[in-house]
Amino acid sequence: MNTLKKTPFYNFHSALQAKISPFAGYEMPVYYNSIVAEHNHVRQAAGVFDVSHMGEFIIEGAQSLQLLQKITINDVSVLIPGKAQYSCLINEQAGVIDDLIIYCLVASERYMLVVNASNIIKDWHWIEKQALGFDVSLTNISEETCLLAVQGPKVTQLLTPYLNFNLADLPYYHFKIANILGIKDIIISHTGYTGAGGVELYFKNEADNAAKLWNLLTKDLQIPPIGLGARDSLRLEKGYCLYGHELNDNITPLEAGLGWITKFNKDFIGSDILKQQKQAGVTQKLVGLWMLDKSIPRQGYHLLNAAGTVIGSITSGTMSPILQKGIALGYVDIAYSKLESSIFVNIRNQAMPAQIVKLPFV
Amino acid sequence: MELPQNLFYSKDHEWLKIEDNVGTIGITDFAQSELSDIVYVDVNSLGKTLDGNAIFGTIEAAKAASDLFLPVPATIEKFNENLNNHPELVNKDPYGEGWIVKVKLQVPVDTSHLLTAEQYQALTRN
Numbered sequence: 408m409n410t411l412k413k414t415p416f417y418n419f420h421s422a423l424q425a426k427i428s429p430f431a432g433y434e435m436p437v438y439y440n441s442i443v444a445e446h447n448h449v450r451q452a453a454g455v456f457d458v459s460h461m462g463e464f465i466i467e468g469a470q471s472l473q474l475l476q477k478i479t480i481n482d483v484s485v486l487i488p489g490k491a492q493y494s495c496l497i498n499e500q501a502g503v504i505d506d507l508i509i510y511c512l513v514a515s516e517r518y519m520l521v522v523n524a525s526n527i528i529k530d531w532h533w534i535e536k537q538a539l540g541f542d543v544s545l546t547n548i549s550e551e552t553c554l555l556a557v558q559g560p561k562v563t564q565l566l567t568p569y570l571n572f573n574l575a576d577l578p579y580y581h582f583k584i585a586n587i588l589g590i591k592d593i594i595i596s597h598t599g600y601t602g603a604g605g606v607e608l609y610f611k612n613e614a615d616n617a618a619k620l621w622n623l624l625t626k627d628l629q630i631p632p633i634g635l636g637a638r639d640s641l642r643l644e645k646g647y648c649l650y651g652h653e654l655n656d657n658i659t660p661l662e663a664g665l666g667w668i669t670k671f672n673k674d675f676i677g678s679d680i681l682k683q684q685k686q687a688g689v690t691q692k693l694v695g696l697w698m699l700d701k702s703i704p705r706q707g708y709h710l711l712n713a714a715g716t717v718i719g720s721i722t723s724g725t726m727s728p729i730l731q732k733g734i735a736l737g738y739v740d741i742a743y744s745k746l747e748s749s750i751f752v753n754i755r756n757q758a759m760p761a762q763i764v765k766l767p768f769v
Numbered sequence: 084m085e086l087p088q089n090l091f092y093s094k095d096h097e098w099l100k101i102e103d104n105v106g107t108i109g110i111t112d113f114a115q116s117e118l119s120d121i122v123y124v125d126v127n128s129l130g131k132t133l134d135g136n137a138i139f140g141t142i143e144a145a146k147a148a149s150d151l152f153l154p155v156p157a158t159i160e161k162f163n164e165n166l167n168n169h170p171e172l173v174n175k176d177p178y179g180e181g182w183i184v185k186v187k188l189q190v191p192v193d194t195s196h197l198l199t200a201e202q203y204q205a206l207t208r209n
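Chains as they are written, first to last, in the working numbering: chain A, 408 to 769; chain B, 84 to 209.
It is worth saying that the hints were derived from the structure and are not from the lab. We treat Cβ as the ideally placed atom computed from N, Cα and C, and that holds for glycine. Treat the hints with care, as some may be off.
[As the list claims (entries may be wrong)] Facing chain A, according to a computed beta carbon distance under 7 Å, are these residues of chain B, among others:
1. F113
2. S119
3. D120
4. V122
5. K131
6. E143
7. A145
8. A148
Construct all of the structure, not just a fragment, from the sequences and the given hints.
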């Protein structure tokens, strides 16, 4: 059995008596007190998530842009230093290897890739293999990089006094490299996985950086820590994909509703297959749905038509704390994917009524 | 962790209170704390007579759904309707206002497979 890793914030979680569970090889906090209360607090005010388990790679060298154009689906050439981009790595069959964020540090020459913790090894091997023959060097900085997501509508106002710029002036998917409390070179990124506003802070795990920032956020600024449970329900309310649920090696970005980041003005691994799929049309599609009664849809439950035939399945589902109803993402046969279609969810062998709705849910 | 002495406990983390041939069933303080936020309690077995260990409903926490197991053979007579609008009562008061069902027991009730408060506490310590 592999021993589980701990992030630099583990002792804080443990001291707060967080419910800790294994996640992607790490011992991570699922909740501190209540998933629902934590969820609502982020939507209404602010919360701090330790997501240091995520992976970070640096790609640098003269052909960095060329390599990224080849292995990712979005157009990296539009990135300038200070801008970030949501994208995917896909395989030759156009299945999603991972979804990721690319940060442009030096135009054409230096980028940071942020990948899912569960995919660090797979992504690394894939990128290494694709990089053969390119003038680039790759560095996996995951272990020495801390990542705190500080999310919620009050974050901008709370954090700005500690910065030499106004966070309100930082557009979505832009970042600045700045110091906070003497901690140097923090990447302050206007990104996140909650749709609640706020930033993600990347910094090196050295000296007492981790403790200093944690204490600033959770003690001085009184921003409560939030576990992975609320992170999941927050992202689900916004309809964001989670790897291993909505995305996997056999799902294409077009099926997953990621056509908006799939750019055919360049060639990339899998692009021919995606072009064909775009032309022919997808046969299944990721949709949002909510329940018309009190029941709660969960991952793996089947979607049914009125005749009781299976037409798809749920990839993520929960009770939305904001809507107070069961919401889910799932793949459905294209014939049933129209907004407001009436479908059913097989919940413990009962067909419960549901409706396909527009994303995001909130 | 609260553990009333006058209850029987199951390995599946239900408690059973026996008053003559009427049983009251809920989940333990330990179970509610492990599940965290209870958001829905679904009992679809009203009026049914079920074997011991049968699933009589489902309890949904924010993160996942868990089956509810009947500690002893019984007929499900009443569901705690307050849980429809306030499922969080199971978290707040698992042995009181958060009770889940009342059942008609088959007398005499065989409780030999159930645990005392002390035995249940030993179970949850591991």
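Verification of the hints:
Hint on F113 (chain B) is violated. Least Cβ distance to chain A is approximately 13 Å, over the 7 Å limit. About 6 Å separates the beta-carbon of S119 (chain B) from the nearest beta-carbon of chain A, less than 7 Å, and the hint is met. For the restraint placing D120 (chain B) at the interface with chain A, the shortest Cβ-Cβ distance is roughly 4 Å, inside the 7 Å limit, so the hint holds. With a cut of 7 Å, the hint placing V122 (chain B) at the interface with chain A holds, because the nearest CB-to-CB distance is about 4 Å.
A hinted interface residue such as K131 (chain B) counts as satisfied when its beta carbon comes closer than 7 Å to some beta carbon of chain A; here the least separation is about 14 Å, so the hint is violated. The interface hint given for E143 (chain B) holds, since its Cβ lies 5 Å from the closest Cβ of chain A, which is under the 7 Å cut-off. Taken as an interface hint, A145 (chain B) checks out: its beta carbon lies about 4 Å from the nearest beta carbon of chain A, inside 7 Å. Checking A148 (chain B) against chain A: minimum C-beta separation of about 6 Å stays under 7 Å; hint holds.
Comparing the model with each earlier hint shows violations of hints 1 and 5; every other hint is respected.
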